[in-house]
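**Student:** Sequence:
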Amino acid sequence: MPPPDTPSPPPPPAPSPPAASPAGHPSARAPLSPAPAAAPSDERDLTRGPVLGHLIALALPAALAMLFHTLQNVTDAWFAGRIGPDALAGLSMATAVFFLILSLGFGIGAGVNALAGAAMGAGERARAVAFAAQGLSFGLMVAAALTVGGWLLAPELLDLMGASGGPRQAARDYLLTVVFGAVFFVLAFAAHGTLATQGDARSFQRAQMGAAAANLLLDPLFVLGFGWGVTGIGVATVLAQAGVCAWMLRRALRSGLLRAAPWSAFRPDFRVIVELARQAFPASLNMLVATVGMFMVLHWLQRFGGAAVAGYGAALRVEQILLLPALGLSGALLPLVARNHGARLHDRVRETLRLGLTIGLGMMALAGLALTFFGEWAVSLFTDDPAVIAQGVRYFQFARFTMPAVFAMFAATALLQGLRKPFWPVAVGVFRQTLCQLGFGWLFVVELDLGVEGVWWTIVSSVALGLVLSWLVAARIIRRELPRG
Numbered sequence: 001m002p003p004p005d006t007p008s009p010p011p012p013p014a015p016s017p018p019a020a021s022p023a024g025h026p027s028a029r030a031p032l033s034p035a036p037a038a039a040p041s042d043e044r045d046l047t048r049g050p051v052l053g054h055l056i057a058l059a060l061p062a063a064l065a066m067l068f069h070t071l072q073n074v075t076d077a078w079f080a081g082r083i084g085p086d087a088l089a090g091l092s093m094a095t096a097v098f099f100l101i102l103s104l105g106f107g108i109g110a111g112v113n114a115l116a117g118a119a120m121g122a123g124e125r126a127r128a129v130a131f132a133a134q135g136l137s138f139g140l141m142v143a144a145a146l147t148v149g150g151w152l153l154a155p156e157l158l159d160l161m162g163a164s165g166g167p168r169q170a171a172r173d174y175l176l177t178v179v180f181g182a183v184f185f186v187l188a189f190a191a192h193g194t195l196a197t198q199g200d201a202r203s204f205q206r207a208q209m210g211a212a213a214a215n216l217l218l219d220p221l222f223v224l225g226f227g228w229g230v231t232g233i234g235v236a237t238v239l240a241q242a243g244v245c246a247w248m249l250r251r252a253l254r255s256g257l258l259r260a261a262p263w264s265a266f267r268p269d270f271r272v273i274v275e276l277a278r279q280a281f282p283a284s285l286n287m288l289v290a291t292v293g294m295f296m297v298l299h300w301l302q303r304f305g306g307a308a309v310a311g312y313g314a315a316l317r318v319e320q321i322l323l324l325p326a327l328g329l330s331g332a333l334l335p336l337v338a339r340n341h342g343a344r345l346h347d348r349v350r351e352t353l354r355l356g357l358t359i360g361l362g363m364m365a366l367a368g369l370a371l372t373f374f375g376e377w378a379v380s381l382f383t384d385d386p387a388v389i390a391q392g393v394r395y396f397q398f399a400r401f402t403m404p405a406v407f408a409m410f411a412a413t414a415l416l417q418g419l420r421k422p423f424w425p426v427a428v429g430v431f432r433q434t435l436c437q438l439g440f441g442w443l444f445v446v447e448l449d450l451g452v453e454g455v456w457w458t459i460v461s462s463v464a465l466g467l468v469l470s471w472l473v474a475a476r477i478i479r480r481e482l483p484r485g
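For the sequence shown, position 82 matches number 82 in the UniProt record's numbering, and the numbering has no gaps at all.
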């Protein structure tokens with residue numbers, strides 16, 4: 001999976017880090033032995049040097065990683081479109097359900113990133129090692145639960161979405177295949193959290209680049225060659241992500257934090273895992289409620305036929321590509337905020353946020369222009385059905401205004417996670433994705449009977465209200481956690 005220019009093996013391990021407390025428990029808050037005078041050479045010290053340079057160094061690989069990941073989704077959607085409209089609609093539904101697995105993996109990675117980063121910033125390296133090692137153990141346990149739960153509950157989740165007929169069968173075939181890849185997704189995210197907090201975003205980029213290439217080869221083999229249909233798309237996804245997982249684990253275990261860690265560090269320590277869970281599950285829930293929002297959108301769209309669902313699914317993939325640079329930027333905020341807040345460098349945290357917002361909002365303005373001029377062509381790459389294309393293009397007319405707001409909310413979420421305040425984004429997300437989607441959906445779709453337009457207005461209204469609430473909360477926490485002077 002990784003490209004041929006694999007870095008040479010790291011130097012021999014250094015001595016194991018000292019115990020964090022007399023009891024030997026690494027998560028204890030008692031004073032620790034001093035950190036080494038210099039970080040290992042493969043680490044980036046995020047507390048020194050120009051903030052803009054760190055943002056670019058972290059954001060560019062993160063954006064490219066997401067680009068390659070999205071290209072896998074685009075490839076899947078393209079082949080699903082060749083199978084037929086039912087397959088494309090079913091894949092859109094299945095993506096919303098599979099997002100549950102991705103969200104838990106992302107949450108564990110975010111938890112490791114925030115906690116290990118804060119510990120490193122504070123000079124508590126033993127605690128950082130504990131969080132990194134236990135993140136992998138925690139991820140393995142969560143992945144096992146997801147595999148069993150996904151196999152048992154996927155059909156019921158599709159029923160809750162109102163799926164039926166051909167789209168439901170296609171979604172079921174896909175989900176009951178990719179659920180066996182849960183372990184690869186979750187462990188890859190956990191390893192990415194360990195690497196990102198050390199300033200390494202390139203490993204994930206290389207892994208996703210390899211996965212995109214593998215997926216591009218495997219999809220036609222399984223779909224066209226073997227005739228496996230949507231199941232073949234799922235098999236290709238699992239195999240590609242197995243390679244990602246192997247590469248990321250190799251890089252994480254050879255990184256500065258874990259190369260000297262004894263195997264005993266990976267034995268489940270539930271006190272450390274609980275501390276991780278307090279950060280990871282809110283981050284996961286924040287993505288889960290986004291999945292609920294997708295369910296709600298699909299629920300309203302089901303009223304207007306398969307063309308509306310398929311058009312939204314195709315347009316969503318185009319929108320994801322245009323969001324990638326800004327989302328990579330928001331992803332770079334978390335380790336920078338965590339490390340500098342841990343080191344009590346509050347001015348650097350403020351500068352990180354200011355630069356991130358300025359650059360990201362500018363990117364979103366350019367993305368809106370791209371949708372205006374190239375939206376129809378982009379949707380037509382996935383389907384030649386005029387009704388599907390028309391629905392996707394109409395969605396873009398609303399999306400060009402919501403994308404800057406979506407980025408600003410992601411930036412607020414990254415800030416709060418880096419400050420170890422992960423529950424506030426969840427609260428705002430639950431309100432936006434459930435109450436707002438239900439309330440505005442009932443108003444625009446049912447009461448005012450605006451048709452598909454009512455679904456788009458529901459999305460716009462929910463995003464606008466969520467943006468206001470996100471930054472009201474963020475501003476209050478900034479005043480408390482980042483005093484000036």
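Hints in this document: simulated from the structure, not taken from any laboratory.
Owing to the predicted nature of the structure, the values given are computational and were not obtained by experimental measurement.
Note that the Cβ used here is the ideal one computed from N, Cα and C, for glycine as well.
Mixed in with the good hints, there may be bad ones.
What the hints assert, rightly or not - List time: in silico SDA-like cross-link candidates among lysine to any residue, alpha-carbon distance up to 20 Å:
(1) Lys-421 to Trp-471
(2) Lys-421 to Trp-377
(3) Lys-421 to Ala-242
(4) Lys-421 to Trp-228
(5) Lys-421 to Glu-275
(6) Lys-421 to Leu-366
(7) Lys-421 to Gly-305
(8) Lys-421 to Arg-480
(9) Lys-421 to Ala-475
(10) Lys-421 to Leu-482
(11) Lys-421 to His-346
(12) Lys-421 to Val-274
(13) Lys-421 to Leu-381
(14) Lys-421 to His-299
(15) Lys-421 to Gly-368
(16) Lys-421 to Thr-372
As the list claims (entries may be wrong) - Quick list of simulated restraints, FRET-style, between CB atoms:
(17) Leu-217 to Trp-377: 43 to 53 Å
(18) Pro-268 to Val-460: 41 to 51 Å
(19) Gly-225 to Phe-180: 15 to 25 Å
(20) Arg-82 to Leu-366: 29 to 39 Å
(21) Leu-381 to Leu-221: 13 to 23 Å
(22) Glu-481 to Ile-56: 47 to 57 Å
**Student:** It remains to establish, for every hint, whether it holds in the given structure.
**Tutor:** Verification of the hints:
1. Lys-421 to Trp-471: Distance of about 14 Å is within 20 Å: holds.
2. Lys-421 to Trp-377: The hint is violated at about 42 Å.
3. Lys-421 to Ala-242: With Cα atoms ~32 Å apart, Lys-421 and Ala-242 exceed 20 Å; violated.
4. Lys-421 to Trp-228: Distance of about 45 Å is beyond 20 Å: violated.
5. Lys-421 to Glu-275: holds, 13 Å
6. Lys-421 to Leu-366: Not OK: Lys-421 and Leu-366 at ~31 Å, beyond 20 Å, violated.
7. Lys-421 to Gly-305: violated, 41 Å
8. Lys-421 to Arg-480: holds, 12 Å
9. Lys-421 to Ala-475: Within the cut-off at roughly 13 Å; holds.
10. Lys-421 to Leu-482: holds, 13 Å
11. Lys-421 to His-346: holds, 16 Å
12. Lys-421 to Val-274: holds, 16 Å
13. Lys-421 to Leu-381: With Cα atoms ~41 Å apart, Lys-421 and Leu-381 exceed 20 Å; violated.
14. Lys-421 to His-299: violated, 32 Å
15. Lys-421 to Gly-368: violated, 31 Å
16. Lys-421 to Thr-372: Not satisfied, since the Cα-Cα distance of roughly 37 Å exceeds 20 Å.
17. Leu-217 to Trp-377: 43 to 53 Å: violated, 26 Å
18. Pro-268 to Val-460: 41 to 51 Å: holds, 45 Å
19. Gly-225 to Phe-180: 15 to 25 Å: Distance hint for Gly-225, Phe-180 holds at roughly 21 Å.
20. Arg-82 to Leu-366: 29 to 39 Å: Check passed, 31 Å falls within 29 to 39 Å.
21. Leu-381 to Leu-221: 13 to 23 Å: Roughly 21 Å apart at Cβ, these two residues keep to the hinted range, so it holds.
22. Glu-481 to Ile-56: 47 to 57 Å: With a Cβ separation near 25 Å, Glu-481 and Ile-56 fall outside 47 to 57 Å, so the hint is violated.
Figure legend: structure checked against the earlier numbered hints; hints not met, in rising order: 2, 3, 4, 6, 7, 13, 14, 15, 16, 17, 22.
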